[in-house]
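Asks: Here's the letter readout for the chains.
There are 4 protein chains.
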Amino acid sequence: MPLRDYQTEIDDWLQNYKQPYWTPLSQLARLVEEVGELSRAYNHKYGEKIKKDSEAPDDIEGEMGDVLFGLICMANDEGLDLDRAIQGAISKAKTRDKDRFEKK
Amino acid sequence: MPLRDYQTEIDDWLQNYKQPYWTPLSQLARLVEEVGELSRAYNHKYGEKIKKDSEAPDDIEGEMGDVLFGLICMANDEGLDLDRAIQGAISKAKTRDKDRFEKK
Amino acid sequence: MPLRDYQTEIDDWLQNYKQPYWTPLSQLARLVEEVGELSRAYNHKYGEKIKKDSEAPDDIEGEMGDVLFGLICMANDEGLDLDRAIQGAISKAKTRDKDRFEKK
Amino acid sequence: MPLRDYQTEIDDWLQNYKQPYWTPLSQLARLVEEVGELSRAYNHKYGEKIKKDSEAPDDIEGEMGDVLFGLICMANDEGLDLDRAIQGAISKAKTRDKDRFEKK
Numbered sequence: 000m001p002l003r004d005y006q007t008e009i010d011d012w013l014q015n016y017k018q019p020y021w022t023p024l025s026q027l028a029r030l031v032e033e034v035g036e037l038s039r040a041y042n043h044k045y046g047e048k049i050k051k052d053s054e055a056p057d058d059i060e061g062e063m064g065d066v067l068f069g070l071i072c073m074a075n076d077e078g079l080d081l082d083r084a085i086q087g088a089i090s091k092a093k094t095r096d097k098d099r100f101e102k103k
Numbered sequence: 000m001p002l003r004d005y006q007t008e009i010d011d012w013l014q015n016y017k018q019p020y021w022t023p024l025s026q027l028a029r030l031v032e033e034v035g036e037l038s039r040a041y042n043h044k045y046g047e048k049i050k051k052d053s054e055a056p057d058d059i060e061g062e063m064g065d066v067l068f069g070l071i072c073m074a075n076d077e078g079l080d081l082d083r084a085i086q087g088a089i090s091k092a093k094t095r096d097k098d099r100f101e102k103k
Numbered sequence: 000m001p002l003r004d005y006q007t008e009i010d011d012w013l014q015n016y017k018q019p020y021w022t023p024l025s026q027l028a029r030l031v032e033e034v035g036e037l038s039r040a041y042n043h044k045y046g047e048k049i050k051k052d053s054e055a056p057d058d059i060e061g062e063m064g065d066v067l068f069g070l071i072c073m074a075n076d077e078g079l080d081l082d083r084a085i086q087g088a089i090s091k092a093k094t095r096d097k098d099r100f101e102k103k
Numbered sequence: 000m001p002l003r004d005y006q007t008e009i010d011d012w013l014q015n016y017k018q019p020y021w022t023p024l025s026q027l028a029r030l031v032e033e034v035g036e037l038s039r040a041y042n043h044k045y046g047e048k049i050k051k052d053s054e055a056p057d058d059i060e061g062e063m064g065d066v067l068f069g070l071i072c073m074a075n076d077e078g079l080d081l082d083r084a085i086q087g088a089i090s091k092a093k094t095r096d097k098d099r100f101e102k103k
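Residue numbers (numbering that gives the first Met the number 0), protein chains in the order written: chain A, 0 to 103; chain B, 0 to 103; chain C, 0 to 103; chain D, 0 to 103.
So that you can see chain A by itself, here it is in the shape it has in the complex:
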């Protein structure tokens, strides 16, 4: 499904609520929380952090989904199109940064 359709699906759903979108800095804080949870999962898998017995198994896919969900909400609230945003980032990687790393 295209990114734009996810943006629409989430917006349609959130319109059922009195306050569809939190204030921007509150949404940002949520994104940071989700990035923190992704960090914990990465640290368990790739770093030296040892999971506590009481902790649920990590779910990197789930944490990435939460980060992306938060980002989509922020883009919706800003009226921004994430397809354009990612196309811009890809285009930057292929032009400005194309010689920054060693080629095969």
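One or more hints might be untrue.
[As the list claims (entries may be wrong)] Ranges between beta-carbon positions, derived for each pair:
id: 1; chain 1: A; residue 1: D11; chain 2: C; residue 2: S53; range: 25 to 31 angstroms
id: 2; chain 1: A; residue 1: R95; chain 2: C; residue 2: S53; range: 42 to 48 angstroms
id: 3; chain 1: A; residue 1: R83; chain 2: B; residue 2: D80; range: 47 to 53 angstroms
id: 4; chain 1: A; residue 1: Q18; chain 2: C; residue 2: R83; range: 41 to 47 angstroms
id: 5; chain 1: D; residue 1: K44; chain 2: A; residue 2: R95; range: 46 to 52 angstroms
Keep in mind the hints are simulated off the structure, nothing from the lab.
A virtual CB, placed ideally from N, CA and C, is assigned to each residue, including glycine.
Chains B, C and D: place on chain A using the hints.
Replies: Using the frame of chain A, we list chains B, C and D on its own:
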């Protein structure tokens, strides 16, 4: 374009390089850096931070694109499908969290 | 107690372990996780996030302590003196940034 | 200098301004921005990120100072004592977590 196609396009491009993907914790650090730049842009727009004269105008769309680009690289390197990830997050919002906020 | 003494106390304690300090990017990931928990606590207190019934009460002091603990470990491992670091930041606020905000 | 004295010095200075402390979520966003800059510096030093020619040399001590400065502002605004906070974190490391890692 579907998320999966962005994942493929980025992977195809990165395969031109000797080390297509950084090590996982290095990719995570890059994501955190991009989230930091998005935070600065939000703080200029919605918080009390005043832009320095020397700073370029903020570009929230661009910062979101960079965050998403970093996330796609991480998902590619993990062999994860972001379509599944975001569908899982949407489904969680519509079930587990559906009564967490006040409806219209 | 001076910051330097906290740095020493933590280092003395960590020297009891086989690997006193995690690798740097793993320490960074831990710091990000702690900042994420502080974000959640702030979002509950100041944002629109509603605490789940299953969540423990927030403890902003505790989260700040965890962030600071992580930062001290990183400084120790880098051989850096946080007293110098904070004095530098204070001095920057009092000189470079002194006219950036409206005075009383 | 004790942490408490840094808290006082920063508060004394900020009282010269009309709005000594930004709103809490704006302060949090600033902290995240600073953690992002520390991440970039770590990624240059320990990860695979290659510095652009246009970038200033990294200054890990400076970035740590900025993170700590942001944290002190947040603690001041919350009326929290960072000495208590760090002592709590140290005490947790020495009790709850003391057997979590392998001893020498």
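Asks: Out of the numbered hints, which ones does the structure contradict?
Replies: Violated: hints 3, 5.
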